[in-house]
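Asks: Each protein sequence line maps, in turn, to chains H and U. Residue numbers for the first sequence follow my numbering, so the first one is 1 and each next one is one higher. Residue numbers for the second sequence follow my numbering, so the first one is 1 and each next one is one higher.
Take these hints with a grain of salt, some might be off.
Said to hold, decoys possible - Derived pair list, reagent style DSS-like, types lysine-lysine, alpha-carbon separation capped at 25 Å:
| no. | chain 1 | residue 1 | chain 2 | residue 2 |
| --- | --- | --- | --- | --- |
| 1 | U | Lys-57 | U | Lys-83 |
| 2 | U | Lys-83 | U | Lys-9 |
| 3 | H | Lys-115 | U | Lys-14 |
| 4 | U | Lys-71 | U | Lys-14 |
| 5 | U | Lys-9 | U | Lys-71 |
| 6 | H | Lys-103 | U | Lys-70 |
| 7 | H | Lys-58 | H | Lys-103 |
| 8 | U | Lys-14 | H | Lys-103 |
| 9 | U | Lys-70 | U | Lys-57 |
Note that these hints are calculated values from the structure, not bench results.
Next come the chains, spelled out residue by residue.
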Amino acid sequence: AQSVTQLDSQVPVFEEAPVELRCNYSSSVSVYLFWYVQYPNQGLQLLLKYLSGSTLVKGINGFEAEFNKSQTSFHLRKPSVHISDTAEYFCAVSERIDNQGGKLIFGQGTELSVKP
Amino acid sequence: DGGITQSPKYLFRKEGQNVTLSCEQNLNHDAMYWYRQDPGQGLRLIYYSQIVNDFQKGDIAEGYSVSREKKESFPLTVTSAQKNPTAFYLCASSNRGRPQHFGDGTRLSIL
Chain H
1 AQSVTQLDSQ VPVFEEAPVE LRCNYSSSVS VYLFWYVQYP NQGLQLLLKY
51 LSGSTLVKGI NGFEAEFNKS QTSFHLRKPS VHISDTAEYF CAVSERIDNQ
101 GGKLIFGQGT ELSVKP
Chain U
1 DGGITQSPKY LFRKEGQNVT LSCEQNLNHD AMYWYRQDPG QGLRLIYYSQ
51 IVNDFQKGDI AEGYSVSREK KESFPLTVTS AQKNPTAFYL CASSNRGRPQ
101 HFGDGTRLSI L
């Protein structure tokens, strides 16, 4: 069975500081990896995805993530955050079955709070 | 613009009542999903459907039912058997091997 652990439930940070949101996963098969962002009372928006190829993935809004297979991690980073980055961030995995993804398993979410 | 439309945005349920949440997509996606979101628990899969007229239970299907009569539509019924229905419900769709796209959600509360 797969599982996803987001190691921090809340991350407070000052504006223009760097931030890292941590995500570890467990799976017995190869996976696809995703980060989604959720603003209050809205759905989820895809930030970035790792399907194959380069382990450093760049997404929208200046975010990037690095897939580390040996450590089963997919941490999300941004070198300088803005107030508008305040939101909840979800890490998710899906099994790579015959090179096609399936159901998503989500982490519990990390609330990023950017202070002026 | 293509997307996923969930309605209503807010819904109230009386004790013993069934309610149905609507999800419509015009992205021509084969697969559709329903998730339940509770504070601090992330998203949990209720039901999913990979093709028309077929669907499978997710991790927390008890007290819920779905249908998939059309490719574009995947309504979720919260039955009276679901004793703790208060939550934020999210619908998503995708094609195989592609990321899921999400609607803006329906917030269900108990009167």
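Asks: Can you confirm whether the C-alpha distance between U/Lys-57 and U/Lys-83 stays at or below 25 Å?
Replies: Roughly 18 Å between the alpha carbons, so the hint for U/Lys-57 and U/Lys-83 holds.
Asks: Mind checking the alpha carbons of H/Lys-103 and U/Lys-70 for me, to see if they're no more than 25 Å apart?
Replies: It holds: about 20 Å lies between the C-alpha atoms, which stays within 25 Å.
Asks: Does U/Lys-9 pair with U/Lys-71 here, judged by a C-alpha cut-off of 25 Å?
Replies: 22 Å, holds
Asks: For H/Lys-115 and U/Lys-14, compute the direct alpha-carbon distance and say whether it is at most 25 Å.
Replies: 40 Å, violated
Asks: U/Lys-70 and U/Lys-57 were given as a pair; does the straight-line alpha-carbon distance stay at or below 25 Å?
Replies: This hinted pair holds, its Cα atoms lying about 18 Å apart.
Asks: If you draw a straight line from the CA of U/Lys-71 to the CA of U/Lys-14, is it 25 Å or shorter?
Replies: Judged against 25 Å, a Cα distance of about 31 Å means the pair is violated.
Asks: Between H/Lys-58 and H/Lys-103, is the straight-line Cα distance small enough, at 25 Å or below?
Replies: 23 Å, holds
Asks: Just to be careful, I want the Cα atoms of U/Lys-14 and H/Lys-103 compared with a cutoff of 25 Å; is the pair within it?
Replies: Judged against 25 Å, a Cα distance of about 32 Å means the pair is violated.
Asks: Keeping to a limit of 25 Å between CA atoms, is the pair of U/Lys-83 and U/Lys-9 held or broken?
Replies: Roughly 21 Å separates the two Cα atoms, so the pair holds.
In this structure, the hints that do not hold are numbers 3, 4 and 8, in rising order.
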